[in-house]
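Hey, can you work out the whole structure from these sequences and the hints?
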Amino acid sequence: MTLIQAILLGGCYWAWVNEIGSSVNHAIFGLPATACLWYGLILGDVPTALYCGATIMPLYLGYVAAGGIVPTDRTAAGLIPTAAVICYGMDINVALALAIPVGILFSQLHTLRRIIGSWYIRRAEKIIQKDCDGKKLYLNGILLPSLVKIVICWLPMTLICYFALQSVSELMDQIPEWLNGGLSAVGCVLPSLGMGLLLNSMGDKKFLPFFFTGFFLVQYMAIDNIALLLIALFLAWFYMTVTKGWQNVSAAKEETEDVSPTTEKITPILTKRDIIGAYWRWMAFNEVPSSYERHMGYGILMSFYPCLKKLYKGRPEELKEACMRHLSYFNTEQFWGAGVPGIALALEEQKALGAPITGEMIESVKAGLMGPFAGLGDSINWVTLRPMWLMFFLPYIAEGHVWAAVAPMVIEIAVTNIEGLTLFPMGYRLGIDAANKLLSSGLFNTFFKFVGVLGMFMVGGLSAGLVKVSIPISYVAQGGEQTVQTLLDSIIPGLPALAVIMFVYIFLEKKGKKRVNLCTLWLVLGALVLGCLGIIA
Numbered sequence: 091m092t093l094i095q096a097i098l099l100g101g102c103y104w105a106w107v108n109e110i111g112s113s114v115n116h117a118i119f120g121l122p123a124t125a126c127l128w129y130g131l132i133l134g135d136v137p138t139a140l141y142c143g144a145t146i147m148p149l150y151l152g153y154v155a156a157g158g159i160v161p162t163d164r165t166a167a168g169l170i171p172t173a174a175v176i177c178y179g180m181d182i183n184v185a186l187a188l189a190i191p192v193g194i195l196f197s198q199l200h201t202l203r204r205i206i207g208s209w210y211i212r213r214a215e216k217i218i219q220k221d222c223d224g225k226k227l228y229l230n231g232i233l234l235p236s237l238v239k240i241v242i243c244w245l246p247m248t249l250i251c252y253f254a255l256q257s258v259s260e261l262m263d264q265i266p267e268w269l270n271g272g273l274s275a276v277g278c279v280l281p282s283l284g285m286g287l288l289l290n291s292m293g294d295k296k297f298l299p300f301f302f303t304g305f306f307l308v309q310y311m312a313i314d315n316i317a318l319l320l321i322a323l324f325l326a327w328f329y330m331t332v333t334k335g336w337q338n339v340s341a342a343k344e345e346t347e348d349v350s351p352t353t354e355k356i357t358p359i360l361t362k363r364d365i366i367g368a369y370w371r372w373m374a375f376n377e378v379p380s381s382y383e384r385h386m387g388y389g390i391l392m393s394f395y396p397c398l399k400k401l402y403k404g405r406p407e408e409l410k411e412a413c414m415r416h417l418s419y420f421n422t423e424q425f426w427g428a429g430v431p432g433i434a435l436a437l438e439e440q441k442a443l444g445a446p447i448t449g450e451m452i453e454s455v456k457a458g459l460m461g462p463f464a465g466l467g468d469s470i471n472w473v474t475l476r477p478m479w480l481m482f483f484l485p486y487i488a489e490g491h492v493w494a495a496v497a498p499m500v501i502e503i504a505v506t507n508i509e510g511l512t513l514f515p516m517g518y519r520l521g522i523d524a525a526n527k528l529l530s531s532g533l534f535n536t537f538f539k540f541v542g543v544l545g546m547f548m549v550g551g552l553s554a555g556l557v558k559v560s561i562p563i564s565y566v567a568q569g570g571e572q573t574v575q576t577l578l579d580s581i582i583p584g585l586p587a588l589a590v591i592m593f594v595y596i597f598l599e600k601k602g603k604k605r606v607n608l609c610t611l612w613l614v615l616g617a618l619v620l621g622c623l624g625i626i627a
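According to the numbering used here, the sequence shown is numbered sequentially starting from 91.
It should be emphasised that the hints constitute simulated quantities derived from the structure, not laboratory data.
Please note: incorrect hints may appear among the correct ones.
[Claimed, not checked] No more than 25 Å apart at the CA atoms, straight line, and that leaves these computed lysine-lysine pairs for DSS-like:
1. K362 x K403
2. K362 x K399
3. K601 x K295
4. K400 x K226
5. K403 x K226
6. K400 x K216
7. K226 x K410
8. K362 x K225
9. K410 x K400
10. K410 x K225
Structure follows, in structure tokens:
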């Protein structure tokens with residue numbers, strides 16, 4: 091690997107950690123299945139990079155950084171093993187086993203950057219108290235964090251890729267065959283962690299039969315992904331029709347149509363252009379200066395600042411109060427939660443126009459709504475929709491098709507921004523009543539039932555192709571030597587893979603998703619021991 095290549099790889103990692111552009115950033119640089127396209131272009135081997143990305147991605151399909159906590163860094167877990175495979179010939183299964191410790195190690199950088207984030211808050215408070223200069227606020231909230239992340243993220247990744255990666259690869263080449271078998275077994279088993287976590291997160295337990303149906307349908311009939319998706323859509327529609335689930339849609343529509351704006355009819359100051367501009371700033375900067383102390387609070391301030399300056403023109407003290415108000419703690423899912431900043435901006439405008447709205451009222455509305463919409467957005471976007479479209483494209487990415495790596499990027503950017511561009515202005519127009527009506531209506535319940543059936547069936551079918559575990563123990567029977575796996579396949583194909591997935595699911599169901607690291611430890615140790623003994627492969 092050349093120094094230039096190492097610098098460019100470090101730059102890809104920094105581009106994700108910097109989080110400018112939220113949905114664009116995550117879709118292009120944040121997922122192993124898509125980011126590996128850029129690693130392949132940098133290292134000169136796109137097909138191998140795509141295969142590595144598609145192999146590593148199932149580990150992280152079920153991971154959600156809920157509450158802003160990053161349990162593992164899937165971008166680093168995709169980058170370093172991929173570079174090791176392309177540049178130094180590391181076996182892909184060994185590289186897959188390497189992904190877990192790499193992800194956990196690099197997740198500590200996210201802890202560090204959020205601790206440092208409190209420094210940006212202190213500086214912002216001083217800027218607001220002094221002269222509330224917008225240029226200084228944006229430089230402090232965008233440029234300064236970007237420069238800090240060059241030091242704590244770009245530089246370490248570059249140094250590791252250039253100096254340490256070859257040594258790690260050479261060390262891996264020296265391991266004995268029996269240990270290599272153990273590491274390969276770990277690599278084969280680990281995708282079940284993502285599948286089990288996904289099962290634990292999405293849908294109701296009553297939908298589990300759809301998972302088993304999808305799994306065994308693919309095992310017995312070997313249908314492709316398009317056919318699997320069509321069958322899944324039909325089953326979801328059929329289930330909703332038989333259970334009369336569609337009735338909730340019309341009822342929810344009537345409820346939301348009755349919603350009217352909560353604020354008085356006063357001539358607004360902000361234009362449609364102002365509102366859309368506030369959304370794009372929210373989307374671009376909500377996570378850039380994030381900290382444990384305020385999380386997305388600084389992001390909301392940067393989203394609102396031009397609007398606040400317009401609302402409180404000629405009233406510098408009120409402008410300072412408003413800026414301090416929106417620098418307070420805030421944390422939600424960026425796109426389904428975009429309606430909450432929209433509501434807060436509407437209330438801020440009414441306050442500026444003289445309506446009987448206090449600053450405490452605005453902060454209470456933000457604090458009360460951010461949690462429900464965070465749970466809603468995480469469940470829809472990151473637990474349900476993203477894993478489904480990623481799993482659909484993974485087999486094509488593994489085959490080296492560039493279009494299959496680009497497609498999830500385009501879909502994610504389009505879907506999330508359609509959500510945000512719909513909900514942010516809607517929140518502004520309709521106010522708090524709209525949020526409460528939507529959350530209490532049957533519309534989301536109906537949606538979750540539909541995607542629950544669809545998702546369970548798709549996860550089952552795609553698990554059959556992504557999790558490859560076999561029992562190669564041989565024995566002599568009539569007709570010659572056979573393996574245990576051959577015997578199992580003649581009864582029910584795919585049983586070892588299914589057993590591992592269900593182990594993860596049951597473990598997390600009983601212990602809770604917070605014990606995912608313990609589950610990972612048991613899975614890795616078990617696979618390592620059984621692989622070294624030649625029991626699984």
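Evaluated hints:
With a C-alpha separation of about 19 Å, the suggested pairing of K362 with K403 holds against the 25 Å cut-off. In summary, the hint linking K362 to K399 is supported, as the alpha carbons are separated by about 16 Å, within the 25 Å threshold. The straight-line distance between the Cα atoms of K601 and K295 is roughly 16 Å, inside the 25 Å bound, and the hint therefore holds. As the CA atoms of K400 and K226 are separated by approximately 18 Å, the hinted pair is consistent with the 25 Å bound.
This hinted pair checks out: K403 and K226 have alpha carbons roughly 18 Å apart, not beyond 25 Å. Only pairs whose Cα atoms come within 25 Å are accepted, and K400 paired with K216 is accepted, the gap being roughly 21 Å. As the CA atoms of K226 and K410 are separated by approximately 14 Å, the hinted pair is consistent with the 25 Å bound. Between K362 and K225, the direct Cα distance comes to roughly 23 Å. Compliance with the 25 Å bound is thereby established for this hinted pair.
Using a Cα cut-off of 25 Å, the hinted pair K410 and K400 holds, with the two alpha carbons roughly 13 Å apart. For a cut-off of 25 Å, the pair hint linking K410 to K225 stands: about 15 Å separates their Cα positions.
Consistency with the previously given hints is maintained throughout, with no hint failing.
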